[in-house]
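**Q** Protein chains in written order, with the working numbering: chain A, 8 to 170; chain B, 8 to 170; chain C, 8 to 170; chain D, 8 to 170.
Calculated directly from the structure, the hints in this document are not laboratory data. Please read all numbers here as calculations on a predicted model, not as lab measurements. Be aware that one or more of the hints could be misleading.
Where chains are identical, the list cannot tell them apart; a pair therefore holds if satisfied intra-copy or between any two copies.
Below, computed lysine to aspartate or glutamate pairings styled on EDC-like, alpha-carbon distance capped at 20 Å [unchecked claim]:
#1 K75 x E164
#2 K142 x E132
#3 K168 x E24
#4 K145 x E132
#5 K161 x E24
#6 K143 x E132
#7 K60 x E160
#8 K39 x E164
#9 K125 x D18
#10 K10 x D83
#11 K39 x D83
#12 K125 x D74
#13 K75 x E160
4 protein chains.
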Amino acid sequence: MKKVVGVIGSDGPISSEIAGMAEKIGSEIARKGFVLLCGGRGGVMEAACRGCKNNGGLTVGILPSLDKMQANKHVDIAIPTSLGYARNAIVASAPDILISIYGSAGTLAEIAMALNYKKPVVIVESSGGISEEIKKLKLNGEYTQLIHYSTPEKAVETAAKLI
Amino acid sequence: MKKVVGVIGSDGPISSEIAGMAEKIGSEIARKGFVLLCGGRGGVMEAACRGCKNNGGLTVGILPSLDKMQANKHVDIAIPTSLGYARNAIVASAPDILISIYGSAGTLAEIAMALNYKKPVVIVESSGGISEEIKKLKLNGEYTQLIHYSTPEKAVETAAKLI
Amino acid sequence: MKKVVGVIGSDGPISSEIAGMAEKIGSEIARKGFVLLCGGRGGVMEAACRGCKNNGGLTVGILPSLDKMQANKHVDIAIPTSLGYARNAIVASAPDILISIYGSAGTLAEIAMALNYKKPVVIVESSGGISEEIKKLKLNGEYTQLIHYSTPEKAVETAAKLI
Amino acid sequence: MKKVVGVIGSDGPISSEIAGMAEKIGSEIARKGFVLLCGGRGGVMEAACRGCKNNGGLTVGILPSLDKMQANKHVDIAIPTSLGYARNAIVASAPDILISIYGSAGTLAEIAMALNYKKPVVIVESSGGISEEIKKLKLNGEYTQLIHYSTPEKAVETAAKLI
């Protein structure tokens with residue numbers, strides 16, 4: 008069975024710097040032989056999928072709608088759900104570990120759901136957005152132990168050690 | 008059609024102070040003629056339901072399992088789902104507005120999902136837990152406009168103005 | 008805790024005969040003091056809710072979208088879900104028992120999900136549609152024991168004996 | 008983007024004849040270069056995954072629980088969901104087309120959900136169970152047009168023509 012790494016972060020327009028981080032992380036996921044799973048849309052998800060595909064990796068996108076065509080073009084296996092934002096619960100439950108890059112309320116929901124599911128999350132805090140903000144939260148010890156902070160360069164290596 | 012106020016917060020043991028806040032808020036929900044909707048379990052949910060029932064209100068519990076007997080005894084209408092923690096997405100989508108009291112990762116997931124759904128959330132920040140921590144997060148403006156801070160005494164009144 | 012009876016059947020245009028059956032069943036649900044739960048939309052659901060409301064009952068509608076305004080006007084407590092047709096799984100898991108009137112693929116999904124959840128289903132076979140067709144299916148014994156056939160007049164009484 | 012074929016049918020003990028059909032269908036899915044998606048458990052799902060893997064294919068399992076270890080050993084990408092039987096809605100929404108082999112109430116729910124989602128379903132009627140029974144149902148024309156009957160030998164070819 009393959010190890011699956013979730014990549015979560017903003018849909019929509021992102022800076023080239025964030026896109027570069029996400030693409031690099033996608034590349035590393037491919038090089039380690041992991042499957043990349045994400046919400047299948049644009050922004051961080053698309054950049055990460057592109058990096059993964061360009062390095063021969065495999066990408067899965069859990070889509071909010073029933074329309075497979077809403078997946079970004081680097082998604083190999085699109086999983087349309089019809090669940091709307093509730094598909095974020097599956098983005099959180101499906102992978103062995105999640106890597107969070109930038110992001111806002113959708114990403115926050117995925118991090119929080121991952122904690123409920125006792126899944127580890129690697130936070131790329133230098134990517135900003137909720138990935139920077141999340142460290143301000145004091146959570147119960149059981150949850151903070153699931154959160155790991157990392158640089159973009161070390162994120163996949165950190166994830167690899169945890170799964 | 009009835010106005011529905013969601014109450015979110017910790018399952019499990021809570022202090023008598025937090026229980027008092029939740030019960031008071033449940034009472035006010037009943038007095039205003041709103042329906043109280045929650046995750047149906049213990050802690051904050053149970054205290055809020057008790058306050059609501061003791062004042063002639065109506066309570067709905069969206070349960071994680073299929074077992075109705077897992078609802079606290081003040082739930083009138085138990086909705087078993089079999090969705091596990093993914094039921095938190097429904098606790099967030101169902102009400103017209105949410106009131107957050109204390110809480111941890113489950114509550115954080117509900118707040119974040121509510122923001123995705125563009126639902127307003129009234130945060131009782133003096134209740135501590137994630138309800139205190141959440142204000143530390145800098146979110147996009149569209150989301151912060153959905154978050155309203157309140158005292159326990161004013162929470163339902165604040166909610167009433169927003170729905 | 009209240010007993011909850013699910014009413015499932017076609018959305019969209021129905022004959023006045025079917026509407027009459029659904030309305031009568033909704034009335035009986037109210038008279039027995041049960042809560043009526045349904046998918047919250049038109050057709051059979053709307054007629055059943057109307058019958059329930061006209062007799063002082065309480066109605067819950069589990070909606071596919073986030074838009075409460077999509078509920079029929081006889082729904083007291085609308086539960087928007089954003090789940091699309093996947094909300095049918097909740098329509099099946101939530102009630103103590105289901106009554107099936109007329110219907111097509113959506114109703115069939117709800118009957119089948121109810122069987123998975125080991126919930127009894129009362130089928131009003133004279134209402135036609137999938138409620139007539141379903142008896143042609145030979146299912147495993149464990150499932151057929153959950154299916155009860157009834158006239159429109161006796162459906163709620165049959166349900167009442169089973170919950 | 009890869010084409011995804013869903014295989015639905017009984018979990019639990021199946022005859023060697025049914026297992027042979029499922030394995031053969033899994034093999035053909037691999038040979039055509041499609042991804043096989045299923046509920047990830049035993050019985051028909053396991054046999055189909057085995058056939059797919061033995062022919063170099065790729066398999067995805069949408070699991071009811073959070074426990075990846077509940078996947079059969081021929082699943083490459085396990086997607087734990089925590090949704091219980093409600094995961095059947097995703098087994099129905101995710102693939103481009105479904106092939107139904109044998110099965111009971113769970114399979115019936117998946118067929119019905121697929122029809123709601125306007126997904127075509129290829130029924131291997133000689134496999135018995137719900138896959139034999141389903142043809143007895145008279146459904147609305149829009150739904151019957153989505154149902155295609157086939158022999159085990161021709162099932163994947165039939166599916167290939169439809170996607």
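**Q** Check each numbered hint against the structure and report the violated ones by number, ascending.
**A** 1, 3, 13
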